[in-house]
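So you can see what is in the structure, the chains are spelled out below.
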Amino acid sequence: MKKRLATVWLDGCSGCHMSFLDLDERLIEVAEKADLVYSPLVDIKEFPGDVDVALVEGAVSSEEDLHKIQMIRRKVKTLVSLGDCSVTANVPGMRNAFGVKAVCDRAYTENVTLNPGTPAQVIPRLLPYARPIHEVVNVDVFIPGCPPSADTIYYALTELLEGRQPELSAKTRFGA
Amino acid sequence: MSPTNVVKPGTKPVQPASNVKTLQIDGKDFSARPEETILDVARQNKIFIPRLCELEGLSDVGACRLCLVEVKGSNKLLPACVTRVYEGMEVTTNSPRLAAYRRMIIELLFTERNHICSVCVSNGHCDLQWMAQKLGLTHVHFPYRYPKANVDASHERFVIDHNRCILCTRCVRVCDEIEGAHVWDVMGRGIDAKVVTDLNEAWGNSETCTSCGKCVHVCPTGALSEKGHAVAEMEKRRHFLPYLTMMRESQE
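These protein sequence lines are chains A and B, in that order. Here the first sequence is numbered in the numbering used here, starting from 2 and rising by one per residue. Here the second sequence is numbered in the numbering used here, starting from 23 and rising by one per residue.
With the rest of the complex left out, here is chain B:
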């Protein structure tokens, strides 16, 4: 028996040199690589953390704040999608306080623009609508704003209805990171922020748009849709995203 394996009484065992971090999520032990986020670990272990802006295959921006979690020792709530794990981290993914904040976020999204589910192309296939139900929302406590928002139907095949946009920026990221065209961007600040094509040109006049439709299919709501769909007919197809990511990683 090698003497290095013997642990002297009263001393800590020597930790093996490794990059594995161990942490607790909701009281259970998990291990993760240091570059992984709380959401990565949760996803691998089938722990549900709500989110609307995050989409696997795109970069993470922490825009929607739905994935906020409690981390022991921090007096702030931290977004799981962009918070790296560390050794000994203790994460709580659900609590009455988190549930209340998450419902509040969804309610504010509903008041911010004009989301009329019953007449929306994405009714029944909408991430916002699904999340509202999942989080137990039956009504909105805040007054609705009823802003006057535009619909741009100038593109031959697609429509953007700003009434239904939640500013998740999935369209901006997929166009930049996957398609490489960067047609979309965000203009304005705060409540005036909106997604634009090119330099706030009509989408139909865009010289950079390749009409690939990736933005339409990653959009969580009915804000981006294909023309020719009536109420509840627009189903998004996102299987291309993990496929493209996988093919690219295999070529690197």
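Chain A extracted, bound-state conformation:
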């Protein structure tokens, strides 16, 4: 039976998803082994149940991210931290030393001429710190890299879809 694959985009630049798309023709091979049941690359709004593997890009930065990742953890067998933002908080975490207020003031007030002020609606509220996913929920596999190369993602994904545990430390590193 085909595996059920999901990809998730939290607080990251989508570079890891771009690297995933860089699998190029190997995407067809992946599609033969798994159905992409949820992803920012496909038009499905609700995260479905019984997902075998979820690749999660991005740090947990907002209340929405936190809600999402907790819900996703419950529905996924193998949760994969994909890329430095999800593994270390990386660039989203660079705000952490300054505090949410200073960051929002800089973004929504100091550098803005039209309607300055931090929005109270629509935009999810930021958490005090942008955090790696594994500080919030259990993570099964870590793929560091900014972004991890397509070859690394291909290796990890094919191993996971075959039910094996990928050995990643030799293939990628922080900042790779």
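These aren't lab readings, by the way, just hints derived from the structure by calculation. Don't be surprised by glycine CBs; every beta carbon is placed ideally from N, CA and C. Each hint should be verified, as a subset may be incorrect.
Stated by the list, open to error - Short derived list, chain A residues pointing at chain B, Cβ under 8 Å:
| # | residue |
| --- | --- |
| 1 | Gly94 |
| 2 | Ala98 |
| 3 | Tyr109 |
| 4 | Ala121 |
| 5 | Gln122 |
| 6 | Leu128 |
| 7 | Val138 |
| 8 | Asp141 |
| 9 | Gly164 |
| 10 | Ser170 |
Fit chain B to the known structure of chain A by using the hints.
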């Protein structure tokens, strides 16, 4: 045949008077001079012992604790860079216990400051990053501290970014021991410790700095860098250090 060469049955052969110590590293026999450290012997024999503060040509301080090894008969782990060999010593340089401690040390270094490899000038040329990968690190188990650390770009040619400093003190030692200027030192204690120029003056105002750049090039991370480099562009050049050491020793 001289009678002194005959070993009587039941007695030990007379040891020749010599300063050579014999020891075992990872089950193999080696010989060393008594003033040599475990790391000296390991290095000569291509046995890898991880370390970040040690740099050949500088004094050893045992600051990073990565080179901790097991020595039979000692219930403590001993730093290979500052532990002298002795006769009959039995050293283990790698074990699951040592590997776990070493990974823990690297993880704590990552949590202590703000190491963001992806935006660092030294990305791809960093000893800390390389060591993390070498020791099989894929993530950090401890919560990050996110301290607010300064960047001092007041020097005309160089920058210190305290976010990336691991307090190895290579800069302090190279400036003192090789350049002879002693611009750098360590200020504060424990988690508040940081390297400073002069008496915590801005680097650009330092009257003792000769702008030689040795500190920049021995720095294992992107903490010290030359201005004008973008992400991943700062490659350290350290060949001057063994060269200078060799020239000085030949003059002594």
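(message) Interface hint check: A:Gly94, Cβ to nearest Cβ on chain B, cutoff 8 Å. Holds or violated?
(response) holds (7 Å)
(message) Restraint: A:Gly164 near chain B, CB-CB cut 8 Å. Satisfied or not?
(response) Result: violated, 20 Å to nearest chain B Cβ.
(message) Tell me if the interface restraint on A:Asp141 is satisfied: Cβ within less than 8 Å of some Cβ in chain B.
(response) violated (11 Å)
(request) Report holds or violated for the interface hint on A:Ala98, using the least CB-CB distance to chain B and a cut-off of 8 Å. (result) Constraint on A:Ala98 satisfied, holds at 4 Å.
(message) Given a cut of 8 Å on the nearest C-beta pair, is the interface hint for A:Ala121 held or broken against chain B?
(response) violated (26 Å)
(request) Return the status of the interface hint for A:Tyr109: holds when the least beta-carbon distance to chain B is below 8 Å, violated otherwise. (result) At 22 Å from the nearest chain B Cβ, A:Tyr109 fails the 8 Å test, so the hint is violated.
(request) So, A:Val138 near chain B? Judge it on the closest CB pair being under 8 Å. (result) violated (13 Å)
(message) Take the shortest C-beta to C-beta distance between A:Gln122 and chain B; is it under 8 Å?
(response) Violated. Min distance 28 Å.
(message) Next item in the hint list is A:Leu128. Is there a CB on chain B closer than 8 Å to its CB?
(response) violated (13 Å)
(message) Given A:Ser170 as an interface hint, is its Cβ closer than 8 Å to any Cβ of chain B?
(response) holds (4 Å)
Against the hints set out earlier in the document, violations occur for numbers 3, 4, 5, 6, 7, 8, 9.
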